[in-house]
Amino acid sequence: MWTRREFIKVGGAAVGAAAVGGGLLTRWYGLDDDPVSDPGTDGERVVPTFCELCFWKCGVLAHVRDGRVTKITGNPAHPLSRGHLCPRGTGGIGLLYDPDRLKRPMIRRSRRGGQEFEEVSWDAALDYVAEQMLRIRERYGPEALALYSHGWGGSWFKHLLHAYGSDAIAAPSYAQCRGPREVGFYLTFGRGVGSPEATDMENSRVIALIGSHLGENMHNTQVQDLARALHRGADLIVVDPRFSVAAGKARHWLPIKPGTDIALLLAWMHVIIAEGLYDREYIEKYAVGFDRLKEHVAEKTPEWAWTHTTIPPDRIVETARLLAGGRPRALVHPGRRVTWYGDDTQRSRAIAILNALLGSWGRKGGFALPSAMELPKYPYTKYKYKPKPPPDMPKGTVYPLADEVLAQGLCLASIPGNAAYDLKGWIVYGTNLLQALPDQEMVKRAIQALDFIAVIDVLPSEIVGWADVVLPEATYLERCDELDTPAYQQPFVAVRQPVVEPMYDSKPGWWIAREIAHRIGLDDYFPWKDSVEYAMHRVKAAGLDCDELRKTGVALGKPTPAFIEDGLEPLFDTPSGKIELYSERLKEAGFDPIPVYRPPREPPPGHYRLLIGRTPVHTFGRTTNNRFLSEVVAGNEVWMNAGAAAEQGLKNGELVVLVNQDGVRSEPVPLKATQRIRPDCVYLVHGYGHDAPGLTFARGRGASDARLMTRYETDPIMGGTGMNVNFVHVERAT
Amino acid sequence: MNEAFREVVVGRHNALVDPSLRIWGWEIPVYLFLGGLTAGILVVSALLALRRPPGSAPSRAVQAAPFVALGLLSLGMLALFLDLEHQSHVFRFYLAFKPASPMSWGSWILILVYPVGVLLGLGSLDAGIRSALLASRPVRWLRLAGPLRCLSGRADAMARSVAWVAMVAGAGLGVYTGVLLGTLAAEPLWNSPVLGPLFLASGVSTGAAFLLLLPLSRDERHLVAGSDLVAIAVEAGLLAALLIGFASGSGPDQAALDHLVTGPQASAFWTLVVLAGLAAPFALEVLERRRGLAFLKVTPVLVLAGGFALRWILVAAGQASSLATIF
Amino acid sequence: MRRTKRYAMVVDTWSCVACKACVLACKAENAVPDGFCRDWLVEVTEGTFPDLRQENRSERCNHCSDPPCVHACPTGASHVAEGGVVLVTHGKCTGCKACIAACPYGARYVHPDGHVDKCTFCLHRVQAGRDPACVEVCPTGTLTFGDLNDPGSEVSRLLRTRAYKVLHPESGCEPNVYFLTGRPAPAVASDSAGTGVVGVAR
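Protein chains in written order, with the numbering used here: chain A, 1 to 734; chain B, 1001 to 1327; chain C, 2001 to 2202.
Read the hints as simulated data drawn from the structure, not as lab findings.
In this text, all values refer to a predicted model and were calculated from it rather than measured experimentally.
Idealized CB from N, CA, C, for every residue including glycine.
Hints are supplied without guarantee of correctness; some may be wrong.
To be verified - Far from chain B, by Cβ distances over 12 Å, these chain C residues were calculated:
no., residue
1, THR2004
2, THR2048
3, ARG2060
4, ALA2101
5, ARG2130
6, ASP2131
7, PRO2186
Said to hold, decoys possible - Here are some chain C residues the structure puts well away from chain A; computed CB gaps all over 10 Å:
no., residue
8, ARG2006
9, PRO2139
10, PRO2151
11, SER2156
12, LYS2165
13, ARG2183
Unchecked claim - In silico lysine to any residue, SDA-like type, Cα no more than 20 Å apart, as pairs:
no., chain 1, residue 1, chain 2, residue 2
14, C, LYS2165, B, ARG1006
15, C, LYS2165, B, GLU1027
16, C, LYS2165, B, ILE1326
17, A, LYS651, B, ALA1145
18, A, LYS257, C, PRO2050
19, A, LYS384, B, PRO1019
20, A, LYS651, C, PHE2049
21, A, LYS558, A, GLN489
22, A, LYS364, C, PRO2186
23, C, LYS2165, B, THR1325
24, A, LYS651, C, LYS2165
25, A, LYS651, B, VAL1009
26, A, LYS651, C, HIS2090
27, A, LYS551, A, ARG538
28, A, LYS651, B, SER1250
29, A, LYS587, A, ASP573
30, C, LYS2165, B, VAL1010
31, C, LYS2165, B, LEU1144
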């Protein structure tokens, strides 16, 4: 048979001459437009600033044309973006021009949660907030007011709260996310991992991910570094019950039974120690407790771990050798959201210990020990009032090693009688507590018990519906915030500056905080005209050029040695001053000084463990109303092993409902029957299942995992809430 | 319960393209059908003109046929126009000639078919009708009497030449309707050189069937019915060749074939195209010829329905099995 | 004599995490209408639990050397521009959709304004010495754009040193988007070592 090309050629040959005339006429008529048309999205103005679609804070360039932001690109000068962006970073336009944005201040006009509001003037709203804050201070003391804050713009409100007299400031990013990791690494190395994580993946030869789904969990620079490692031929070991995107690039995917990671980590230690593969010199020089560790893992053979993890012993041995073979450029990644089973600090400890055995802490291809750029603080008046400690631990409970305030604890303390004293008011900045905290019903009870709740946000998320007063904040593209100077291998300071004027009647956070301060007699604490003046004061004090910084968006500092190879002498802020493979501090507090594996609770028959994760396109539920980002991902689906689904007669793509152990039902959600997950668990991307009426796009899309998290296991060491302890069964939606 | 699997997640959701191609709805099959029908009427009319004994007059129906055909073609072109997404740019077809583009060929062929059809028609007209036509109000108003008289004079003089030109033009039109699809390599079900001849045979068959529905003379009916029988036989052979070609082709070819013969379009294909459109009318016409079965109007109706179904199903199934949505 | 350019893109399926930043950057850069895309992700997983393989492909118009869409176009709206880039002149397009039917990659769609639209390799940027928007944004270095007629270009180097494939090679339209298939050689190996190369760059 002829191919199309032969066909064309025969036809073409027959009439070759005719081709000459084709298209000539239109040129005579002048009817042809420019074939290379510029879509015209390059800005007349290009403003450098940094992103707030997640909390990584990549430098971006915002293009403005006719007063509208047309596109957002990466700032090549910024060390965290290096000119590239993650999908969310491009989505600022979807946030800025979201028609559902909070447009004017509102005061509640019915019962809490009744969603009935009246639009009021800023004066009326701010007077109301001030009145309530003064009342709480007078009646209960300032400590009875808590601030939940997530996002870079929260700095103004943290300052406001300290000045007002309360330290009850929490973010779900600690006890619901990274907290156990920070504590586990702090206990081991005397230093947390931080954000941006100080991993040097770019130079790693072997990287092990323990449940971390980098690539789907999309922190720009981290994924850039992982990709650079992949380009250089690095080997990946991915431990995950689900065949994640990262698992697709792994030399070894270990589909571990959920909740048994510590058994695997101990077995890896066993192999590495028993075969003498660890960094003997490094351990001798920097660590204490090796003999106890050796003794502790002597029985933790790959065969032992197999029975718990379902990973065959030979693969445990092989992966342990692969890891050790890459040392010290071998990294067991600490992960990010690590609140899984309530033993998360101990699992993070095990990861830290393993890294110590590999000698990767402070080594290239392992963990960097970076410093932040020195930038003098703004010379504020000292806070006059010394508040009582926040009541974030229930009566009779101590989480001895919590180093930040527990968001869940503040919530419990708002239900009278639970804690040392009751919280009476909340200011909620930029965090949708109804999706961020487990046990929604408890959160709602706490809110109902409050005297006062104010919400400052950009979008009408669920928590907004529960506010007494709603203060609409301008988006990150419309405001100047605090400077960003994270600890990073390349130290820098970055500026967030307004790209366009605030839309509607929204106001930047600094203005809101200062106006509240003014109304409650705290003017002294807000002496600057605006946040630009504030930021530039700090920039000048550091001897930097303000104009240059505003023009480029970022100023680079002098890198300090971050690796032992570069002459860094690592300091360990632990009681022994060394890496603590064995932790006396944990022992004194009544915990296992070396991690011990305890089997997780099994799902009841017919149930699956509910696991959650991320899509690279969204940040929790914060961006699921973003129509621009939703062009590529606009809902979630529940992953279920194809065999398990077939046993239940469920078909790929059909709508199902998840029902948890307490009978709580999810919204209907499409089933993804796949080989990419173990048969004993199901998986949902977090952030969907909104029911807030104001989120007209996101509302009713996908299922909410938060709703199914009616149970959690509290980490006894630091109060983290392990959420992978909920079980569901799967029903066909009716 | 672990069957080997291939999971494909496609992030493209463009309207009319995903999840399967739907760029061409009812307009294109209607156009292809009417274009083929016109081609068939012209070919069979030309055949009648060539085979007409000298001095005998065609029936009224045959005299009208070329003009009716042009009317049907105009309807087809209207359908084609309706399918355009940017209708105000339709003139662009006639500001270029792209020899590699069947669509370009087609737009020019359509223009050429009109004068040929008019000539063929004028040549067959009764003297009485012709003078009535020339005297009619629209012709007078358009001041066309002179040119038409001149043209019809020429048509008379070159009746046989005009008939041959009409046959070639009709055949060109018929083949083109198939080539239009046949050159599109992205749709395995269309991408066959057989499609042009197949659509021509089907067009001739529907053209003949259309004429059979008109009051023809006995001789005319015999010739037209005979043409139809031959055309149906040829069409059936070409269709078989097409299917066999796919069956011996690559993976996508076979997948496309499955779509037609066992998949979503299979029941329509076997009943409407093969059974009702080819087998039944062939059998009936054979019975009419050999066993003296009285002429049944249902026979040509079946042929016409089958011809339309062939195009409708091929357009739908071809898009549904396009490479554009195979990942 | 001036050398003609042959623009091409190389997509590394090994480093791609299917994050879709390329799709969104393109949408913003080219003001692609809502609901449509000029580039897109195809994520393929094959095998049986737990033995699975995955390939992520950022796909777009292949700017074929023998472009069937250009052949099919009756008005000359679809044409080959500088560097072999296939473009659509909006003013010439009637929306007949023959080009969409001709394209084996589904790269074209009907713009709400009536004309057919597709990836332009961001020729307006390329002419100004910049990378296409999808290449610029990509956080994983998956996309490489360049001139295949320049043996020193990164696209030429990648095709010399890595295994690759093109999509629908059977349609014979000589596509210019290449997909690297295997993993790169280990970091220790020299740059030119390469792995089993299945094709040769033109």
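Okay, the hints, checked on the actual structure:
1. THR2004: holds (21 Å)
2. THR2048: violated (4 Å)
3. ARG2060: Check fails; 10 Å does not lie beyond 12 Å.
4. ALA2101: Violated: least Cβ distance 5 Å, not greater than 12 Å.
5. ARG2130: holds (25 Å)
6. ASP2131: With a cut-off of 12 Å, ASP2131 (chain C) remains clear of chain B, as the shortest Cβ separation is near 21 Å.
7. PRO2186: Its Cβ never comes within 12 Å of chain B, the nearest being 29 Å, so this holds.
8. ARG2006: About 17 Å separates ARG2006 (chain C) from the closest Cβ of chain A, which puts it past 10 Å; holds.
9. PRO2139: violated (4 Å)
10. PRO2151: holds (21 Å)
11. SER2156: For SER2156 (chain C), whose nearest Cβ neighbour in chain A is about 17 Å away, the distance exceeds 10 Å, so it holds.
12. LYS2165: LYS2165 (chain C) is indeed farther than 10 Å from all Cβ atoms of chain A, at 17 Å.
13. ARG2183: Incorrect as stated: the minimum Cβ-Cβ distance to chain A is 7 Å, not above 10 Å.
14. C:LYS2165 - B:ARG1006: The hint holds at about 19 Å.
15. C:LYS2165 - B:GLU1027: Roughly 38 Å separates the two Cα atoms, so the pair is violated.
16. C:LYS2165 - B:ILE1326: holds (16 Å)
17. A:LYS651 - B:ALA1145: violated (72 Å)
18. A:LYS257 - C:PRO2050: With Cα atoms ~13 Å apart, LYS257 (chain A) and PRO2050 (chain C) stay inside 20 Å; holds.
19. A:LYS384 - B:PRO1019: Given pair LYS384 (chain A), PRO1019 (chain B) is violated - Cα atoms ~65 Å apart, limit 20 Å.
20. A:LYS651 - C:PHE2049: holds (18 Å)
21. A:LYS558 - A:GLN489: Holds, at about 10 Å.
22. A:LYS364 - C:PRO2186: Roughly 18 Å separates the two Cα atoms, so the pair holds.
23. C:LYS2165 - B:THR1325: Status holds; Cα separation ~18 Å.
24. A:LYS651 - C:LYS2165: violated (33 Å)
25. A:LYS651 - B:VAL1009: holds (16 Å)
26. A:LYS651 - C:HIS2090: violated (44 Å)
27. A:LYS551 - A:ARG538: Holds, at about 17 Å.
28. A:LYS651 - B:SER1250: violated (30 Å)
29. A:LYS587 - A:ASP573: holds (17 Å)
30. C:LYS2165 - B:VAL1010: holds (19 Å)
31. C:LYS2165 - B:LEU1144: violated (63 Å)
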